[in-house]
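Student: Protein chains in written order, with the numbering used here: chain A, 1 to 207; chain B, 1001 to 1437; chain C, 2001 to 2810.
Among the hints, erroneous ones may be present.
[Claimed, not checked] Calculated lysine to aspartate or glutamate pairs in the EDC-like style (CA-CA distance at most 20 Å, straight line): (1) C/Lys-2026 to C/Asp-2012; (2) B/Lys-1149 to A/Glu-46; (3) A/Lys-22 to C/Asp-2420; (4) A/Lys-22 to B/Glu-1025; (5) C/Lys-2472 to C/Asp-2528; (6) A/Lys-70 to A/Asp-94.
Keep in mind the hints are simulated off the structure, nothing from the lab.
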Amino acid sequence: MSHWSEATQERAREIISRYPQKRSAVMPLLYLAMAEDGYLTNEGMEEVALWVDITPAQVQAVASFYTMYKRRPTGKYLISCCTSISCMLLGGDDVLHAVEDESGVPHGETGADGLLSVEHVECIGACGGAPAVQVNYELIEGVTPARARELVRWLGSARPDVVNTDEMQELFGGVRSFDWAIREESGAVGPYPAFQPLGTVGTEGDA
Amino acid sequence: MTTPLVVTKRMTEFPADSHTIDRYEATGGYEQARRATGMTRDELVEEIKTSGLLGRGGAAFSAGLKWSFLAPARPSYLVINADESEPGTFKDRQLLERDPHQMLEGIIITAIANEVHQAFIYIRGEYPKPARRVQAAVDEAYAKGHLGKGILGSDYELDVTVHLGAGAYICGEETALINSLEGLRGEPRLKPPYFPAAKGLYMQPTIVNNVETVSNLPHILAMGAENFIELGHPLDTGTFMLSVSGHVDKPGNYELPHGITWRKLIFDVAGGIPNDRELKAIIPGGASSPWFVPQIHLDHQITKDMCAEAGSMLGSGAVIVMDDTTCMVRAAERIVRFFAHESCGQCTPCREGTTWMEMILRRIEEGQGRAVDLDLLLDVSDNISVGLGWPPKMTTICPLGPSAVSPVLALRDYFRDEVDAHVELGGCPLKKVEANA
Amino acid sequence: MPDSELVTITIDGVAHQVPAGSLLIKAAQDTGTYIPRFCWHERMNPVGMCRMCLVEVQGPRGPMLLTACTSNVADGMVVDTRNDIVKKAQEGVLEFLLANHPLDCPVCDKGGECPLQDQAFSHGPGESRFVEIKRNYEKPIAISDLVLLDRERCILCARCTRFADEISGDPLIEFKSRANVTEVNTFPDLPFSSYFSGNTIQLCPVGALTAAQYRFRARPWDLQMVESSGLHDTAHPRLSVQVSQNEILRLVGVDNDATNHGWLSDKERFGFEYLGSEERLVTPLVRRDGELVQTTWADALDRVAERIGLIRDEDGGGAFAVIGGAHGTNEDAYALSKFARVVLGTNNVDARLDDALASHFLAATADRALISDIDTADTIVVWGPDLKEEHPTLYLRVRRAAQELGVRLVVVHPRATGLDDRASLKLGYRPGGGFALLDEIADGKHPEVRQALSAERVVALVGQASFADGPKLAESVAAYVRNKAGSARILPLARRGNLFGALDMGLAPDLLPGRVADEEAGRSALADSWGEMPVDRGKDTRAMLDGLDSGEIRFLLLVGADPVRDVPDPRKAALALESAEYVVSIDLFVNDSNRDADVIFPAAGFAEKEGTVTNLEGRVQKVNGIAPVPGQARPDWEILDDLAERAGRTIGLSNGEAIAKEISEVAPAYGGISWDLLEWEARDGAVVPLSSARHLSHIPVALKGDKAPSAPLILHVARTLYDDGVMMRHSRSLHPLAPGAVAYLNPDDARKAGAQEGHGVKVVTKHGEGEFSAVLDDGTPPGVVYVPFNQPGAGSLGTEAVVRVTAVGK
Ligand SMILES: Cc1cc2nc3c(=O)[nH]c(=O)nc-3n(C[C@H](O)[C@H](O)[C@H](O)COP(=O)(O)O)c2cc1C
Ligand code: SF4
Ligand code: FES
């Protein structure tokens, strides 16, 4: 019945067990579905429907409400440029244009080679480090158009299996909202958030 | 800072490991939670009521009072609102990342005060790093027996689940957040009931509190309500975090006592306006709040009431500073675009109105504006926020729609000429300036 | 709170007494103030989304704008529904709704009956201030075989989505996306295939949802309409029949508390197409050298009259059989009942086709429940057919009671049913093992059931869950419930049009008109108006079929009946018909049973005649004619009256209303019921009393009743909403929706039989066999094979319970 790997099914059970009612697990399960297929496929939504015992239409109603469930094929790297007010004031739009220009991928699209997807997003809570950019939701603050172009080139050449926020901040970032005292070795492995319960946290070396 | 730090104290003194349980316990962590396990609901609610702690999520409602509304039905639930998505706001992110145990201790205290055995932390999906930190802290706390069965040596049971959002500002609104947590679309619920404390998650009594709000609790118990009051302004006790962004020299989060002036905040604390430009406008409490202008408000004290009197709010404590190179129409368009994009789509005025407003503003900014457009814009706004006052008289279920009107009020009150100039020049006057410069 | 409790509120300066706690929008409406609305619907939970119903209410902190559809009235409430602030707010909402709404009213089915269009005229500002480009969508998309969706017309009131979720319980249409690109849609390749999808068309306040069947067919202003009751469902939902150029174009549900709350099943709503079928009979047919050929009424009637006289003289009434009569009006049924007794001199009459419960139980059980009792029960027991398939109106009512009113629901059925997800308790059993289960319950094996039954108000809906359960089980269940519950009310279930009316008119071997037993007392009471009547015990349908087979019965009159398809054991019927000496049929179509008849009379159908009908709770309602009768077709009663005349024994029936009057005089339970009463005073109908009601106490709760067959696989045959019945066969929109020749197997049994989803399986019983396409189904318990009855292309398996299943052609 399930087209998910045994490991993913085990995670699904584990996640459902954290909630008093299984329907509450819809959101994490939708992330699992993305991690399985690279983006949120119809099969993925049907699968989630079976797990929490609602109709696929009901799952779609939820999935389509949120911006982070990508229902179209998405690149290995999702570059999200903030163009909300604070970032806009400090050149967020120029950063977006630099990314589009350097990658040849207009926002809302995915490159033909399936490597990059580009989008502009509303405030990602990095206003003190504007303009801010995320790669697979891993944050880089204080980005300039020039650094943004470097970032795009780096992703194209280095093609890291795991994108690490601290590494990218060092390479391409500038001003930060606050001092990041805490270094992480791990990072994101795809265009969805890297979070332990989802099994989406990657560390250099593995994968 | 002259006044002592509270919620950012540990991370300031021990930047390297303020997030670890060892450092947390080495600096008195979890002692107040342990004390709380020996206290009654009434004792705790009383203490927090007296402390005058106001919610830090935007609505600034007394935490203790909210707790006292908790309906008798059980089970009751606690949901921590870490959806922080109001443009300009990034304070909770710092608290989550740098001192997660402080919040967890606050959660334990809140849980005991509200007879809660299952708590959720709803963290916005774009905050994976904070979420990882919090999950790590939760795991540490379980390992130490601070969470789970028989916490902190008592016989109290408390489970905490970290829930990741997926990109929807509206899920910050507490009833939308609850729907989202139930696996439904993140649509705000009808009021009444006005508080989830009556009917919330799974239609059970539910307390929703902001990250910063609960992070204050261990300190209130430690220093006692009186000392907490001392810290701040009599009507607005304790310290609070301001996220300062935009055209300032030193953007960032600042923990301050209530009551300093805007001038002091912008020119001393945040280092003033870079490239010696002029201050043009201040957004005092996040994108939802009506704007201030230096000529009128610069010397106002920063308190909930002063802001209210001046027709705005402190909201989520997000201060966005704009200098004189900023096109007010463009800034307004950007903020309205945000609300249009984030509307849940339930209410006709919000769904259709905010998009219409965005279209009109974009037209004006791009030079396609008509003389009638500002009045049209105001009238469309009036159909979302009747009378264009503050706090808004809403035609909608929740305040998101009416929030989109705030920047338009600024255009009406302070920047009419700039709008007219756009229409007359057939484009943005400031762009033209840039061009000539 | 008790509805009796009243509070005083002031609306636009006038004080009104209204029920405490009621919704402001409703309270205002009931006291004469209409507050405009789009999303609010009286039969669904408020969502307060469209914001059209904004009104100003005086609050502690000054006046507040509130949505009337989400505000409950409180004593002393002061409301303003039309001051300038309110007007502006409402006009604002309207302008927002129209901003993206296409201006295609002239080509929109809703044009002329569109609340948005009406509001735009009465409230809206003149020409649009919205100069931007409107949203547009690919249009229209078929969200089901019956319903089309124009997304750009949708105003997102969530009526359709709420209906699917709250009322019909199949949430297959939902909101999609958010903000100003929010739309209503289905999941890709998963259509809104609900038995109730048509209601969303009626609910949609704009023309976003339209009927594929009706699209562009007519404009509201050139429709004529009459109110009537639907006969696809023995609850007789109230509806309005809408006609243009003498053709029925659509049926629309009429809201009433008594039966259907305005809802209709798609079978009821769209299943009228057969009436306009090319194949309707328009002249009498007689057999001439083996062929059915057209003839005159006089010729056809005389032939039959002559044959009646002949057989009557030779063998008397015992040689006649009358099967059917459940699809006409009470007036038709009365005529048939009188015709059988007076003209044919026989009690061999039966409107049931061997698939229903005992006639006295159906017609005259004590403590008969009303449909509305479902809402106020503490516990509802459904032990019988899957209501979703056979009693859609009751299905919605019970579903709502369990879901919205918190009534405890107990469902007992051999496999999954449409109500299971709302049941607080579900018991299954092997088909044929119903008595064994009842014994267990009586022996205290299922305390949870006993506990549910010990409630104060219990309503039991009992019927035949499976052909394998005998008709007696339901009576025993009813008797058991009656013994246990504080006060039990019973609703005996049976399908087929106006069956309950037919039984009330005496169309059963042991009944006379008015729920009177066909015994000395009853007969003598009728004697003055009916004259001489047969005294010997009549035969029911099965016995009549045997009688035809044995030659004891020579003459068969079929009235709107197709036993060869409709009785549980069609083979038996086929044989009986072959051996019949003379067969006469009154029908709308040539069917498998009258194909070899000697004479066929063309009959008038639904909406082509006026009369009364009686639903399963005993409610008599008026049905009305508006469509012309095709060709020379005539109402049953008229045919029978004429035939009686020619057969030398008149039954003296002159017109429908007069027959109704005669019924009210001779049929005790129907005393006082007249067409006038139903037209004027009693628009929701009148429930007839149980004149000679029988108490259930005499019925034994079978102790140590027969066990289900122990064979590894047993057959469960039951009806589905859509099947191959004659009306469905001639309704082009619905017939394709019948499941067809399918056999439901538990995945384990399928594996054992080597059957795969969608592949062929051979199902064999002692009485027959057929090839079906396999459906692997967890809802069907191991050891049970479920085969829907009377499906297009399906062979019949008879009533034998033991089956074998083998996979065919890999
Ligand atoms: C549109 C909208 C967005 C909101 N977003 C947030 C948010 O991101 N974080 C938050 O803590 N509160 C937010 N709130 C306020 C919450 O509804 C709620 O008042 C708050 O979380 C209660 O916690 P507190 O009393 O501790 O502040 C929002 C309210 C509205 C109307
Ligand atoms: S105001 Fe906007 S966001 Fe709030 S409920 Fe209404 S539509 Fe949704
Ligand atoms: S009718 Fe009240 S909001 Fe739609």
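Student: Give a verdict on every hint.
Tutor: A quick look at each hint next to the structure:
With a CA separation close to 15 Å, the supplied pair C/Lys-2026 and C/Asp-2012 stays within the 20 Å bound. For the hint linking B/Lys-1149 to A/Glu-46, the alpha-carbon distance of about 36 Å lies beyond 20 Å, and the restraint is violated. Taken as a hint, the A/Lys-22 and C/Asp-2420 pair is honoured in the structure, with Cα atoms around 19 Å apart against an allowance of 20 Å. For the hint linking A/Lys-22 to B/Glu-1025, the alpha-carbon distance of about 35 Å lies beyond 20 Å, and the restraint is violated.
Straight-line distance between C-alpha atoms of C/Lys-2472 and C/Asp-2528 comes to about 35 Å, which puts the hinted pair past the 20 Å bound. For the hint linking A/Lys-70 to A/Asp-94, the alpha-carbon distance of about 25 Å lies beyond 20 Å, and the restraint is violated.
Checked against the numbered hints given earlier, this structure breaks hints 2, 4, 5, 6; the rest are met.
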